[in-house]
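So the protein sequences, as listed, match chains A and B.
For the first sequence, the residue numbers in our numbering are 1 to 109.
For the second sequence, the residue numbers in our numbering are 1 to 126.
For the record, the hints were derived by calculation from the structure and aren't laboratory data.
Keep in mind it's a predicted model, so treat the numbers as computed, not measured.
Residues of chain A placed beyond 12 Å of chain B at every Cβ, according to the derived structure:
id: 1; residue: S14
id: 2; residue: V15
id: 3; residue: G16
id: 4; residue: V19
id: 5; residue: T22
id: 6; residue: P59
id: 7; residue: R61
id: 8; residue: G66
id: 9; residue: G68
id: 10; residue: T72
id: 11; residue: T74
id: 12; residue: N76
id: 13; residue: E81
id: 14; residue: V106
id: 15; residue: D107
id: 16; residue: K109
Covered stretches of chain B (chain A as the covering partner; in silico rule of three or more C-beta atoms under 8 Å from a C-beta of chain A):
id: 17; stretch: 43-51
id: 18; stretch: 105-114
All residues carry an ideal CB built from backbone N, CA and C; glycine is no exception.
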Amino acid sequence: DIQMTQSPSSLSASVGDRVTITCQASQDISNYLNWYQQKPGKAPKVLIYDASNLETGVPSRFSGSGSGTDFTFTINSLQPEDIATYYCQQYDNLPPSFTFGPGTKVDIK
Amino acid sequence: EVQLVESGGALVQPGGSLRLSCAASGFTFSQYWMTWVRQPPGKGLEWVANIKVVGSETYYVDSVKGRFTISRDNAKNSLYLQMNSLRAEDTAVYYCARVAGYCTKGVCYYLRFDSWGQGTLVTVSS
Numbered sequence: 001d002i003q004m005t006q007s008p009s010s011l012s013a014s015v016g017d018r019v020t021i022t023c024q025a026s027q028d029i030s031n032y033l034n035w036y037q038q039k040p041g042k043a044p045k046v047l048i049y050d051a052s053n054l055e056t057g058v059p060s061r062f063s064g065s066g067s068g069t070d071f072t073f074t075i076n077s078l079q080p081e082d083i084a085t086y087y088c089q090q091y092d093n094l095p096p097s098f099t100f101g102p103g104t105k106v107d108i109k
Numbered sequence: 001e002v003q004l005v006e007s008g009g010a011l012v013q014p015g016g017s018l019r020l021s022c023a024a025s026g027f028t029f030s031q032y033w034m035t036w037v038r039q040p041p042g043k044g045l046e047w048v049a050n051i052k053v054v055g056s057e058t059y060y061v062d063s064v065k066g067r068f069t070i071s072r073d074n075a076k077n078s079l080y081l082q083m084n085s086l087r088a089e090d091t092a093v094y095y096c097a098r099v100a101g102y103c104t105k106g107v108c109y110y111l112r113f114d115s116w117g118q119g120t121l122v123t124v125s126s
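Here chain B stands alone, though its shape is the one from the complex:
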C-alpha cells in the first residue's frame, strides 16, 4: 500500500524558515516524480513544486520561487520542502503527493497526483 506521511509543520514567525519532510513507503520512490500542494484554511488547492526522479530538475509556482526548495533523498525514500522567508500567505496545510504519468520528447502524458499524504499544517504568524 502506498503511504506518504508528512511532518515538520509548525507555527513560525514571518520571515522565518521551516523544513517539511515526507516519508514514502509501499512503492519504488526513486521511480516517481514527487510534488508539494498546499491548501490555505478554508480555501482551494495550490500546486507548489515538483521534482523529477533524479532530483536535478525542479519546478515551482511563481509565488514561492527563490524562497522554497524542493529536494529528495531516494536512499531514504524521503521528500523535503525547505521554506525560507515565510509570509502570512504561506499559511496552509501542505500535502506531498506522488506524480503518476510520464514525459518523453518534450510531451507529457497522464500526469496526475495519484497518492497523497494526510498533510501538515504550517502557520505563519507573529
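Chain A extracted, bound-state conformation:
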C-alpha cells in the first residue's frame, strides 16, 4: 500500500505570508495527487487536482506542483479565511483507491 506523509504537521504564519506544505508518497504516484482544505466543523473542499490543476472557483493564490513522490502545495498570500487543515490525497488507477495524508493545520500568527 502507498503511504503518504505531510510536513509540517502544523504551522503558524502571518497574513500575506507565503505558505508551503509538502507531501511525499512512499512510491511513484505520477501526478495522481490532490489537495483538500477542511475548515473546522465543515466538509473538505478540493483545491488542486492531479498535482497542479486548480479546481474551478478556487482562488489563484493556491497552487500545487510536483510529480513522482514529492509534491508541494503553496498559498501565495495567506488570508484569514485560509485557516484550515490541508490534506493531500493520492489515487491509484485500477482498482481505483485513495489515500489521504495526515494533514497540515494552518493558523494565523
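Following the hints, complete the assembly by docking chain B onto the known chain A.
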C-alpha cells in the same frame, strides 16, 4: 446546485449494524461514481469505499472489506453504506462525496472528490 445529504448516523453497540444513506440532487446522479469518506473525531480523513455508475463495481479500504457494503439506487438518486460487525474504531463522521474525473482503458484521469455532504456521525460504543 449540487447537494448531498447524509442520514442514518447513530449510536450503536459493538458488533451491531447500521445503514447510512446519502440523498443527491442538483446533478445527474447516474453519471457519477460516488464514494464514502470517514473522519474519526479529531483525526484525519480516510477513504472508505467507491462505487461506479452502474453499481456493479465497488472498491473498499482493507479495514472494512467483508463488513461494509456500498450500493446505490440511481432511480432514487441515493447512495448507501451498509455497515455490519461494527467496531469502536469505526466511530467517525461519515461523508458521502461525488467523484469527478474518469477512467478509460485502464487509466484514470483527474479523479477527485468535488462535492461533499455535511456528514453523519456514527458512534460505536457499549
